[in-house]
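Student: Quick note, the sequences are listed as chains A and B, same order. Heads up: take any position in the first sequence, counting from 1, add 8, and you land on the numbering used here. Heads up: take any position in the second sequence, counting from 1, add 1, and you land on the numbering used here.
What the hints contain is simulated information worked out from the structure, not anything from laboratory work. Certain hints may be false.
Said to hold, decoys possible - Taking lysine to aspartate or glutamate pairs in the EDC-like style, the calculated list, with each CA pair at most 20 Å apart, reads:
(1) A/Lys-55 x A/Glu-81
(2) A/Lys-55 x B/Asp-157
(3) A/Lys-55 x B/Glu-161
(4) A/Lys-192 x A/Glu-130
(5) A/Lys-192 x A/Asp-210
(6) A/Lys-55 x A/Asp-13
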Amino acid sequence: MTIIDINNIHKHYAATPVLTAITLQVAAGELLALLGPSGSGKSTLLKLIAGLERPDSGDICFDGTSVLALPAERREAVLMFQSAYLFPFLTVAENIAFGLRARRTPQAKIRAEVQRMLELVELPGIEKRYPHQLSGGQQQRVALARALVIQPRVLLLDEPLSNLDPAIRATLQSVIRRIQREFKITTLLVTHDLSEAIGLSDRTAILLDGRIVACAAPEQLFQRPPNRTAAEFVGVGAIISGTLAGDQLQTAHGPLTVAVRSPAARPLTCAIRPEHLYLSTAAQPNSLPVQVHERIFRGEYVEYTLAAGADQWRAKVFQETERYVPGATVFAVLPPEHLFELAGPPHE
Amino acid sequence: MSWLRRTVIWLALGAGLLAPIAVLGVYAFSQRWFYPALLPPEWTASTFVRQLTRPETGTALLNSSLIALLVSLLALLVGYPAARALELGQLPAKGLIYALLFVPTVVPTVATGIGLNILFLRLGLAGTRLGVALVHLVPVLPYAVFTLGGVFAAYDPTYEAQARVLGASRWMIWRRVTLPLLLPGLVVTALFAFLISWSQYVLTFLIGGGQLVTLPTLLFTTVPGGNQATTAALALVFVAPLFVVIALTARYLAGSRVRGGELLLQ
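This is chain B alone, in the form it adopts within the complex (with noise of 0.2 Å):
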């Protein structure tokens, strides 16, 4: 019976996670689809064509990616040395300093857009890519370090010194030794950060001020506009690439899989 145990559990799998991307396609391939339809009379690629060609799809595209990959490198610039001194330095009050961290996160958007807008307007960052991935990281940076904090949790330094006695220079301990030891926690790290940067919408339209069109902003200004089969288009546009970043990471995702997991689990 295990196979129809196996079937049920990836049809309900499927069903919640997939089925709503479905429909996202039937609607963006759809042509004169009322009610009471149950499905399109007509199919047609065109309207998916069109909203794929457009300059500001591609403008929001290049900008959503660019953004995205900035404040993961960000992330994992701020939250290595964060993370690292969090875990294996002798730190007093690291729950705190945790807990003190999520603040930002329960602070209205709204409230930390605004306020930020105004000093990044004297800066002149605002309505820059720059200043859009530094807002980003006020919600990413605390599922970064809580994520590195995880993965410096489960790592034993003493691979370091082992490297170190037997001569190797600092460079070469961070290059031969640490990054392959932490690499699927660092991936697993900017692949948070690429996500949650990329579904971003208030605070790139406080800071980018309108000017800067990513993937969400363009849609949040397409919703309004009634057409569902555009909507559905353009919301296939921002979710495909994230499959293709998903499916890059995804040998990562499963951490004890990668070659040589087994020993950080000693």
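The shape of chain A in the complex, shown without the other chains (with noise of 0.2 Å):
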């Protein structure tokens, strides 16, 4: 069980800085999923605690010890890629015991924990067999067998499942999840996909262009997500301004109640989930006059896009009671219950 802290971590290549002032904390055992689009600069960052890459500045501990002195190879960091990188000319057995054969570990000892590895994944009996012989499913769980068989400190996951079909990703997702339990194994997990970093992760951490835009338990990130960035990616049905007075905001669509108060007038920005904002043909307490731009069936909901004034909105209806034709002018319900306040963009 080991606690990972980075610590103001900066890392350019060339004049394009990469990651800036990354600091986060991942406690021991805990699985943290780095959420963010290509070239946010997730991978990156999994390979400066791995120790393939060296920070600019800023630090990485393991346990409160600094690990950047630390050579790749004695970090006990294991980092899984998007492909599995099964050495091809070496059998299953003999890729699990790659790890081990490095640490000089018995013979006899090594065949018992190939062994445990291949039934920890699902896989038994495939010892002598060659990668090229294994599905990309099971040459993941192979690749996980390889990595988790020497018990490293931290096990660093980079888009291990991005290669798969969706069912496979699926029954692989639990697999890492319930292995990563058992082995109270601290991991860190870079996605693109926001299902996969909720679905698996006790916190989500958010990066976009090389900065942490928030980090928070799942639920939280994706019903209250702390800022504007954050709210984006995602996915929020309206982001409104507006000047708030009491529990009063003023936008330029209208007045709103919201379930903040605040006796001086200020500024303030809220948003409110698709799900949650609904529509109605006669105007109803806290609802805001828009214009239906777009009806699209995607089969467990529907999805309308509404346009008030310059800015659009999205609502999911999942039981449709009426239907609403583009171009109609319509009420969106705002309930004050589920609009929250978002903050100014960070780092500002």
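Got two chains here, each in a separate frame; can you build the complex from them with the hints?
Tutor: In structure tokens:
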């Protein structure tokens, strides 16, 4: 059980900053997801922790001790990549044994450990096969076994599931979660998939342009993203700015009652999730007039895109009682208890 | 009809590639074979045996083998880091460097040879096997670096990173990961270096100064003698080891048949 402390890490390639002022703590046994689009620097952060690259400044500590001086081969932070990178000329058993060989583990122990690991990843009996005889999902399972067999202090997963079919991906997600809980191994998972981050992690950090814009438990991050950037990333229905006085928010579209109060007038930006915003033909308390722009059938729900002045809003309707046609003027109802405040952009 | 097509293809290949060698064989074992006889009137192995058992032939075979092996080794030692840096390091002007590498193959060998002869005489390398091997590197290295460049272009160094985070030392990474992954390419490069070195004449002659006898220099001094059977017998001695070398490395020439080659195609 290792605590990872990442303290004010900076990293740039040539003139391009890749990571800026990254500070993050991962608790012992925690699974933290790093969520971000490609090019956000999340893979670079994993390489820095693994020791494959060096930060320009800042420090990385395991259990309070800096590991920057430790070379990758002695850091015991195992990185798993998008592809399994099983050594093609070695059998499954030899692949899993690789890290133990490097540690000069006795042969009998190696054999027992390989067996145990294959059972753990639910692939018993394939010791003698070669990687090219395995499916993509099986390859990643073997790669997971190869990483875990050395009992690393830290497990770093760089989108190890992104090349797999959705069904296999879902199974492997639960395999990873189960093993991670069982081993209580501190884990960082890099992903660009919001649902994967939310479904697997204890906490999720959103990384955009090399900065952490939010870090919270998945539910909180999803329901109450702390700022505008995070809100846009997890997808909200509407972002509304105005002046707050008492519990009344004066917006460009009309007045709204909100759950926050301020005795003195101050600017406020708040947001609402698309599933909490609903439509009505008649004006209701806390509703604003909008124009229906598009109605999209998404299977489990119907998505409306709405024009509120120059802003575009979204509403997800799960039980459609009334159908609104594009061009119609309707009222978007924004229940006060679902409107939450957004902080200004961080780092400004 | 596919058997017919296959037969035709094999016949054409055989005629084009093996017929010249077959003619050598016929010449080497013929006796008193003059125009207009279609086939030799008499056959004998004595010419061939005489050439094979000449002490010069043995010396030449030994020299040629030692030099070609040394050239292969040196080509790998120099070409490996060069090609790795060219393909995996972020080098600017990669194309220009490759182009410059090939300049020595454009300059006439005689010019390079005479120039280096003076230098090697001063260094005491002229007339030695090492000197000849070094000068063979002039035509060998461009091809070696180019071949290895292709090997590294298809190589994914992430395997090494993966081995590293699993705790492997540099030596273990090289021995257990890099070498097995690159082996087919290294063998093919060594083969090319061997073949190019084996057939060098001018450079061997200039640097060897006539004291160092290799199979090509022996062959060239025999040709003016005018005895076609002798020439053909020596030519067979020249060609035979190459067949052995190619046969030994053949499984690496078909790159995709190598175990695990599939993964390199990903």
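Student: For a C-alpha distance cap of 20 Å, please report whether A/Lys-55 and B/Glu-161 respect it.
Tutor: Distance of about 13 Å is within 20 Å: holds.
Student: Starting from A/Lys-192, check that the Cα of A/Glu-130 is at most 20 Å away, please.
Tutor: 19 Å, holds
Student: Is the Cα-Cα distance between A/Lys-55 and B/Asp-157 20 Å or less?
Tutor: 16 Å, holds
Student: A/Lys-55 and A/Asp-13 were given as a pair; does the straight-line alpha-carbon distance stay at or below 20 Å?
Tutor: 15 Å, holds
Student: Under the criterion that the straight-line Cα-Cα distance not exceed 20 Å, is the pair A/Lys-192, A/Asp-210 satisfied?
Tutor: 12 Å, holds
Student: Regarding the pair A/Lys-55 and A/Glu-81, is the alpha-carbon distance no greater than 20 Å?
Tutor: 13 Å, holds
In terms of the numbered hints stated before, the structure departs from none.
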